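There are 2 protein chains.
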Amino acid sequence: MKFCSACGFEVVFRIPEGDNRERYLCEQCDTVHYQNPRIITGCLAIWEDKVLLCRRSINPRKGLWTLPAGFLENGETAQAGAARETWEEARARVVIDDLYTMFSLPHISQVYLFYKAQLLDGSYAAGAETVEVALFDEEEIPWEELAFPVVRDTLQHYFQDRIHDHFRVHTGDIIVQRDRRSG
Amino acid sequence: MKFCSACGFEVVFRIPEGDNRERYLCEQCDTVHYQNPRIITGCLAIWEDKVLLCRRSINPRKGLWTLPAGFLENGETAQAGAARETWEEARARVVIDDLYTMFSLPHISQVYLFYKAQLLDGSYAAGAETVEVALFDEEEIPWEELAFPVVRDTLQHYFQDRIHDHFRVHTGDIIVQRDRRSG
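Residue numbers (the numbering used here), protein chains in the order written: chain A, 1 to 183; chain B, 1 to 183.
Treat the hints as calculated values from the structure; they're not laboratory data.
Keep in mind that this is a model prediction, so the values were computed, not measured.
Treat the hints loosely; a few may be bogus.
You can't tell identical chains apart in this list, so a pair holds if it fits in one copy or across any two.
Once the Cα atoms are required to be at most 20 Å apart in a straight line, the calculated EDC-like pairs of lysine to aspartate or glutamate come out as [to be verified]:
hint: 1; residue 1: K62; residue 2: D98
hint: 2; residue 1: K62; residue 2: D49
hint: 3; residue 1: K2; residue 2: E129
hint: 4; residue 1: K62; residue 2: E27
hint: 5; residue 1: K50; residue 2: D121
hint: 6; residue 1: K2; residue 2: D30
hint: 7; residue 1: K2; residue 2: E27
hint: 8; residue 1: K62; residue 2: E10
hint: 9; residue 1: K2; residue 2: E76
hint: 10; residue 1: K50; residue 2: E139
hint: 11; residue 1: K62; residue 2: D97
hint: 12; residue 1: K62; residue 2: E73
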């Protein structure tokens, strides 16, 4: 951020009065430009004991498998966003059970939410950002070709919880040490 | 948003190519300025079966009681943010159990997270944005003077779950119909 989005003046990066951390702020119109973590919301969608995965057609992690998920939009509930992303990426309609996993990724200022859901009719197809969609049994999961740690962790929780047919919300943090040399 | 924060040029509000909703975008440097919901994170902090509440010294809902909570910051886990806010607003140190409630508030593009937590040593004091902090037994809760529906709902879940000493994550949406006359 270099310019004030309200008045177009150049911003500075310093601690505003009464605050305790640096923000972009405009000394022309006094706007403080807060920047906050974004939410990524998606589904662990199930059909006849199989899990729906999408192979990514875009970077990051192009060619690897993921659960359908994307940025929550303004004006949308987290649950509605999860269903929307599942439609956009996997052309699958879902009935959502409830929140299943939540992860903080502080190094990239993201919070991931995955909802456990059932496919409505078992149909799916590659949508935007997806080359291929498929349903996987536990023994078929491409563990070495998963796109993100949050996907791996969510799948591991699911197969573990499924043993006792007792599903509860799991939360966790994905901590990645930044390489100080590259800033 | 009127100006591009990257180059200072005036932005337009339209659907970018390949997208399906309106965004602020800059036709000078091609930056799309995504705007997404913010996360508010806080604690349902307990001490000897009492709940910690803060009376707000600022608007909105000045003078009403709330659970300590505030905007999650970049670079922070949701859990760390909840503990930080509890320190900043109530000068109370907590040991967090786990996520307890999550609410989407699509009309203001916010997602609330409350963590169940125990006070570390029972000490507290009014911090920033707070006039007064106190511990409340169930029968003392000022139900008519609570600041936000998410606070009421979280307290209701807690006292209900406490009957059977079985606490699970509760999720929900707070839906407020916009008055179309006022936009």
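Which earlier hints turn out false for this structure, listed by number in ascending order? Violated hints (numbers, rising): 1, 2, 3, 4, 8, 9, 11, 12; every other hint is consistent with the structure.
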